[in-house]
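A.B. asks: Guided by the hints, dock chain B onto chain A, whose structure is given.
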Amino acid sequence: MNTQYKKGVLELLILVMVEKKDMYGYELVEAVSKVVDVNEGTIYPILKRLTNERCFDTYTKESNEGPIRKYYHLTAMGKEKKKQQLEEWKKFSLNVNRFIKRSELNE
Amino acid sequence: MSKNEFLRKLRKRLDVLEDTEIDDIISEYEGYIEEKVNAGLTEEEAVKELGELDLIVKEMLAAYKVKEKKEEVNTDFLTRITNKISDFVDSFDNKSSKDIIKIIIEIALIMIIIGIIRLPFSLIKNLGENLFLDLGSPIGSIFADIWEFIIDLSYTVIAVIFFVKMLDKRLFKKVANNIVEKDEEEKEEKDKEYNNKSKEIVENTNDAQDTHDTINQICDGLFKAFWIFVSFFLVCFLIGITIIFALMIYLLINGVKYYGILLLVLSLFLGGAFFLEVAINFICKRKMKSWVILTRLFIIIVLMGTGLTIGAIEIANTEIIYDYAKTDIKTITRNIEMKNTLMIYNYDEIKIDNTLNDMVRIEYKYPDFKDNLKVEIEIDKCGYNAVCLEEDIENFSWNKDLFKLFINSLKKKKIYVNNFKIYKTIYVSEENYKILTDNKNYDNQDSYNVSFIKTYNVLKVTESNDERYVYLTLRRFQDEDVETVKVSKDLASSVEANKNYEFTFNVDLNLLSDDFEQDDIEDIFRETQLVNISYTDKLGLDQIQENVYKDRFRE
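From first to last, the protein sequence lines are chains A and B.
Counting with the numbering used here, you get residues 1 to 107 for the letters of the first sequence.
Counting with the numbering used here, you get residues 1 to 555 for the letters of the second sequence.
In isolation and in its complexed conformation, chain A is listed as follows:
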């Protein structure tokens, strides 16, 4: 799959996932890579960017097994961004689907 496609969608996916519950980095990486085939290492830069954009608050928590985990929590600004991106995505995919259907019919 085209990496440019993935990039745009990854951000939305992450926002949607974190909105449901606070997640830690590795958990997110695992979850995202199940949906989209992606280099796991490249998910973190998106997290970092969204954090810098104040879409996430972060806090750390000890875990029973393994290292201290950094949890991501969606802020009001993050929610706004998610809402907006979701709308855009829906509109975009709807338009694209419609167009494809129409052109298929015309063939």
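Any given hint could be a false lead.
[To be verified] Part of the chain B face toward chain A, derived, beta carbon under 10 Å:
1) Glu28
2) Tyr29
3) Glu35
4) Glu52
5) Leu53
6) Ile56
7) Lys58
8) Tyr258
9) Gly260
10) Asp519
11) Ile521
These are computed hints drawn from the structure, not numbers from a lab.
We put the CB at the ideal spot given by N, CA and C, even for glycine.
C.D. replies: Just chain B, lined up with the frame of chain A:
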């Protein structure tokens, strides 16, 4: 690739980022790998699952696009300064009190260092200033002022650069996160605007964000206002210096060769133009490279220094002559009558001429500029028995003759200071010379205070409406004149009617009016100051009646 190798490579590749950011990223990736190892993978497998290092680095740096942009910004000297300051203001938002204290201590340290740097500058400043002042002429002091200005300016520039550099190094590393956030926000905002959804964002930004932006805006606005203010003055300065420069060129064409001063004026012009350019560039947010700024500043300072040195030598070689440049002299004379008490003020010279008997000849000499200078002699009484030599100058203006005269003398490196002075000489006979200079000697002081005693018989003491005063009705022995005068109660508290009292007065003789009559009680009380009243039992001609003028005025 092992975990450590991966992390080491990653760290190296992310070197352009701030240290704290790198640490954060490394710990996160370390976490991923450890989680994967916990899940049963080997380190190598875990690292492999993360994907290609190149890609991670590329994405990571892309997330920090700002950082690369920041490197570019480095070349823009002025934008950088303002950015630093607004970043600095921003930084307080997210800093703990401990950090803020640290910042304050750091700033204090920088200030102390800047203060220490000041010392050699003051030294050079004073040295140069004294050197110029030693030249003695008024032009020397102007040069001293210019020198002072140049040194102060260079010090300010260096101090500002130092301050920014130090803050850059010590402080801003710690607020790296904030810089990233801020720039990302800006970028985000632009994206939003593009999508026509900026309004929603504004609504959703929190309060802290708002104050943040306001401070930034104020900061920006203040800086802009400052530069606009500065450029206004620079424009005025440039206009002035251009006029001076044109004048200097004109003088040069006419053979007046002051190259050093010309160079100095040129460098001042270039300096003004340069600062104006900087100011305009700043206002328009155009970029300027710091090396360009520094080279130009250096060239201007070198020019200025050279000009100043050569100019100082030129000025030192210029002769200042306290005389007329013009040989045509106009003379006006006036005679006045000699009196034993006569005093004459405002003359330049006194000479003996025995052909004059009881007359004093006053001679006014001044350069003849024909219609361009009309002098009206005014010999006024200016005090008791004193005459002041004054003049009324009319029609005097800069004209071609005067200008030519000035240029011609400048060509020979001479400046005639007294070019327009009116020189006043008085001629008197030898005998009168002594009297006149004697009188004059008394009058070397500005005032001539004397005290004298008059004895009066108090006829009546009347209370006054004003509690501070009483009325005394006085008469002098062998005089019909009776006067009632107002006297301070403090002085007249023990005065009784029908007794004789000695009244002591003080007066500055120069302040006495022309028609002052020393036997007139009213005049005495009006023009002199009563300082004491004391009882006396002396009668008739034994009573003290002192002459106001005493021996000085030989009346």
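A.B. asks: Determine for every hint whether it applies to the structure shown.
C.D. replies: These are the hints, each one checked on the structure:
At its closest, the beta carbon of Glu28(B) sits 6 Å from a beta carbon of chain A; the interface hint therefore holds under the 10 Å criterion. Of the supplied interface hints, the one on Tyr29(B) holds, with its beta-carbon coming within about 7 Å of a beta-carbon of chain A, less than 10 Å. The criterion of a C-beta within 10 Å of any C-beta in chain A is met by Glu35(B), whose closest approach is roughly 4 Å, and the hint holds. For Glu52(B), the interface hint holds, the least distance from its beta-carbon to any beta-carbon of chain A being 7 Å, beneath 10 Å.
Hint on Leu53(B) holds. Least Cβ distance to chain A is approximately 8 Å, under the 10 Å limit. At about 4 Å, the closest approach between the beta carbon of Ile56(B) and any beta carbon in chain A falls short of 10 Å, and the interface hint on this residue holds. Interface restraint check for Lys58(B): the shortest CB-CB distance to chain A comes to about 8 Å, inside 10 Å, so the restraint holds. The criterion of a C-beta within 10 Å of any C-beta in chain A is not met by Tyr258(B), whose closest approach is roughly 62 Å, and the hint is violated.
Because the closest C-beta pair between Gly260(B) and chain A is about 58 Å apart, greater than 10 Å, the hint is violated. Hint status for Asp519(B): violated, given a least beta-carbon distance of 100 Å to chain A, over 10 Å. Proximity of Ile521(B) to chain A is violated relative to the hint, the smallest CB-CB distance being about 96 Å (cut-off 10 Å).
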